[in-house]
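Asker: In the order they appear, the protein sequences are chains A and B.
Heads up: the first sequence begins at 1 in UniProt numbering, then just goes up one per residue.
Heads up: the second sequence begins at 1 in UniProt numbering, then just goes up one per residue.
Don't read these hints as lab results, they were simulated from the structure.
Where is the CB? At the ideal position from N, CA and C, for every residue including glycine.
Possibly wrong hints are sitting among the right ones.
Simulated DEER-style distance windows between Cβ atoms [as the list claims (entries may be wrong)]:
(1) A/K187 with B/E10: 22 to 30 Å
(2) B/T13 with A/R114: 24 to 32 Å
(3) A/Q94 with B/I24: 55 to 63 Å
(4) A/A48 with B/A89: 23 to 31 Å
(5) A/E265 with B/S55: 26 to 34 Å
(6) B/I24 with A/G92: 35 to 43 Å
Which stretches of chain B does chain A cover? Using the computed rule of at least three CB atoms under 8 Å from a CB of chain A, they are [stated by the list, open to error]:
(7) 3-16
(8) 36-45
(9) 69-80
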Amino acid sequence: MSAHWQQQREGGSRASINFMVNTALRCGRAFMLCCMYPIALYYFLRRAAERRASRDYLTRLFGRPASAWQVLRHIHCFSVTMLDRIYLLAHGEQGFEIEVSGLEQLQQCIAQGRGVLLVGSHQGSFEVLRALSARCPEVPLRVLLDKQKTPAITELLEALAPEVGEAVIDVSQGGTAVTLAVAETCKAGGMVALLADRGRAHESLRRVPFLGEAAPFPIGPWLLASTLQVPVVLCFGMYRGGRRYALSFELFAERVEIARDSRHEMLDQVLHRYAQRLEHYARLEPYNWFNFYDFWQQDEAATMAPPHPRTVPEA
Amino acid sequence: MPTQTAAEHELATLIVEALNLEGIDPAQIDPQAALFGGELGLDSIDALEIALAVSKRYGMQLRSDHPDNQRIFSSLHALSAHIEQERTA
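Please take these sequences and the hints and turn them into a complete structure.
Answerer: Here is the structure:
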């Protein structure tokens with residue numbers, strides 16, 4: 001059960017994703033929402049690993065064994081947010097009700113002119129953030145993404161909104177160019193968004209409690225924040241059913257300080273706080289958790305420790 | 001002992017200070033050796049720290065979109081040569 005999420009295959013071939021995008025744009029959301037039930041059922045039946053991961057997560061969250069119905073609902077929620085990415089990219093926030101909270105905190109951070117690091121997770125939809133950032137084009141938003149992870153989806157979605165594709169900092173290129181690009185965006189007073197819940201293979205991870213058990217989280221995002229000395233704002237775009245999304249911003253730290261001499265303690269404190277916020281949002285919207293792999297990596301817990309080179313996080 | 005030019009030695013000292021590399025003598029860094037992933041074990045976040053320190057000390061930016069980045073950051077020698085070149089340009 002230890003398959004790393006990076007080895008998981010993309011859910012669909014290029015042709016089938018292409019078909020989905022075209023059909024979605026032609027037939028409209030109402031029709032497509034009806035199709036999401038059989039599609040979710042199909043994935044529920046075909047993807048044993050994802051099914052198991054969902055049941056494991058829901059069982060931890062609810063504190064009792066999750067039912068097949070709940071797992072199906074979980075996969076359905078994911079399918080709808082994937083579908084909505086198409087509409088959000090093609091038509092922006094039009095057709096959706098996006099409730100925003102914490103915007104003043106974000107605006108105060110932006111006003112300082114030092115740049116902002118927006119840290120999210122694989123909960124809900126980050127696409128809502130991108131759609132909303134179209135409202136204020138004067139503040140550039142760049143998103144750290146691994147374009148190699150889902151090449152077919154990335155390519156097709158970028159075709160819908162080329163400017164969104166250009167704003168991506170491709171983590172798969174690796175190395176210096178990525179961190180320098182983040183610093184340059186911040187220096188220009190812009191925002192850089194990344195997701196900090198998944199550790200990539202060979203990335204340095206530390207375990208902190210999440211839903212009652214220690215789970216590995218990447219330390220890269222926080223070292224980056226500490227080096228840049230910019231405000232960190234957490235950002236979650238949760239799907240609330242129907243046409244509704246709730247986009248929340250909350251100030252996490254004016255600056256993250258990770259001193260060399262007490263690095264581990266400080267990292268653990270930061271990771272612990274971050275994991276607690278994820279837990280908060282998981283309890284708020286249980287079916288918005290989109291890490292369909294063994295998040296706790298139990299079998300690797302025993303063997304973790306040798307320091308891997310730190311790499312940059314991705315969104 | 002590896003031979004460093006004066007500029008390379010100054011840069012090596014800056015790197016050791018910026019990254020707080022304890023127990024490493026700047027003079028012992030081989031100018032031709034790999035800076036990243038090699039013996040020093042530096043990574044991309046260290047690269048950012050170096051870039052910030054270089055910009056502070058020399059008043060020049062190491063750009064993310066420079067086509068030769070891989071070469072520029074390959075060794076102390078290459079990085080130092082690039083900085084010297086940019087400063088006199």
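Asker: Hint by hint, say whether it matches the structure.
Answerer: Hints, verified against the model:
At about 25 Å, the beta-carbon gap between A/K187 and B/E10 stays in the expected band of 22 to 30 Å. Under the hint 24 to 32 Å, the C-beta atoms of B/T13 and A/R114, about 28 Å apart, fit the expected range. Judged by the Cβ atoms, the range 55 to 63 Å given for A/Q94 and B/I24 holds: they are separated by roughly 56 Å. At about 59 Å, the beta-carbon gap between A/A48 and B/A89 misses the expected band of 23 to 31 Å.
A C-beta distance of roughly 30 Å is found between A/E265 and B/S55, which places it inside the suggested range of 26 to 34 Å. Range check, B/I24 to A/G92: Cβ separation about 51 Å, and the 35 to 43 Å hint is violated. Counting residues of the stretch 3-16 of chain B whose C-beta lies closer than 8 Å to any C-beta of chain A gives 0; at least three are required, and the coverage claim is violated. As drawn, the stretch 36-45 of chain B meets chain A at 6 residues by the rule of a beta-carbon pair under 8 Å; at three or more, the given contact holds.
Under the rule that three or more residues need a Cβ within less than 8 Å of chain A, the assignment of the stretch 69-80 of chain B holds, with 3 such residues.
Hints 4, 6, 7 from the earlier list are contradicted by this structure; the remaining hints agree with it.
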